[in-house]
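With chain V's structure known, arrange chain E on it following the hints.
Number of protein chains: 2
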Amino acid sequence: MGMRGFLVISNSARTSSDFSLNDLPGAGRMDVMCRCVNSVFLTSHGMRKDATAYLLLLGPPDPPKLIRMEGSELKYLGPDERNIGGLIRKALGVKVERGERMTSPGIYVSKIHLEELFEMLSDEWDIYYLREDGEDIRNVGLEDGSLFVLGDQNGLTEDQERIVEKFAKATVSVSPLSLHSDHCIIIAHAELDRRSHDEGSSA
Amino acid sequence: MGMRGFLVISNSARTSSDFSLNDLPGAGRMDVMCRCVNSVFLTSHGMRKDATAYLLLLGPPDPPKLIRMEGSELKYLGPDERNIGGLIRKALGVKVERGERMTSPGIYVSKIHLEELFEMLSDEWDIYYLREDGEDIRNVGLEDGSLFVLGDQNGLTEDQERIVEKFAKATVSVSPLSLHSDHCIIIAHAELDRRSHDEGSSA
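Which chain is which? The protein sequence lines are V and E, in order. The opening position of the first sequence corresponds to residue -5 in the numbering used here, with each subsequent residue numbered one higher. The opening position of the second sequence corresponds to residue -5 in the numbering used here, with each subsequent residue numbered one higher.
In isolation and in its complexed conformation, chain V is listed as follows:
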């Protein structure tokens, strides 16, 4: 169970760099995005090099903005919201029209719409939609190269869900409760870590 990805879609998160690190919640709940990035990458003694995070930010003033982060290339990522918020803000401060620009080691920004993004992702990943009413993750056969799609605190619109469901192999649930996105990422990681470890032990 190597490569794994997480795409978090936020309809509120700010898409320019004109926000304060002292008020991440005020930047369209950028604090949620920061905690998701922490969840995707950090373990106690280092970074998950096999993980990729995609943040699709759709708040004002310049949506869409996609921030892609590659665990294998990230040089330094502090665990705290303020540090991660600084890296996101730096990415949002770089002007981008076509293509993708690297704004820090392992961090890339681009402008891409949801459906186009999924067309790109589906070439590379097996896509799963993480939602409370999905199939229990413990019963889903997940392969190397699974990408999990999550909404932010307000979830996705119906139109967005239709696109996600068009590309997703399945809708998967990590808990009987409705949990914050960053917590869902932790539970998905834990399930994959366990399988990866069991495969390793029996090999």
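Rather than coming from a laboratory, the hints here were simulated on the basis of the structure. Everything numeric in this text was worked out from a predicted model, so none of it was measured. Glycine residues also receive a C-beta, built at the ideal position from the N, C-alpha and C atoms. A couple of the hints might just be wrong.
Stated by the list, open to error - Facing chain E, from chain V, some residues (calculated, C-beta under 7 Å): (1) SER38; (2) ASP74; (3) ILE180.
Just chain E now, with coordinates in the frame of chain V:
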């Protein structure tokens, strides 16, 4: 699976209120404590009223300080580190010698040493030590009233471990990897939520 508790012990976290919310990592890694509190209490649509957090802070200048938070009494808890850091700072700003003082609804501060704390906790809770090399949590029979003990980013000293192990029913592991304390709390919650839900379904 109702009541559950988490005790996080930090040998570095600051024990006075003279720190800046702009630099929580600089306050003896107070950011770690903030993320643990988020993990203990927050779900998507509210608060875990059945949860209790104990933070035992042992950094300078005035150790020990115990902050107890009761989910059933907390009035408002933002999910972001800065908000939680503000509540912790407020608790640390209140002078306390004997007994316990409430500093916000559901938040209490006191001065108590590790062994004395465990003597008190063991009357009320079944204590489990969360550590990477413990027994797999999925195989441990956990009752209502389980309390999990975690170290911070630097873990516990040998002397502290001896005390924890004296009071703990078992050492329990939530992952084959070494994970941050706040992530471990999420995985422990997820396991308890699942059992609670299964019990509910079969009842």
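ask   = Which numbered hints does this structure break?
value = Structure breaks no hint.
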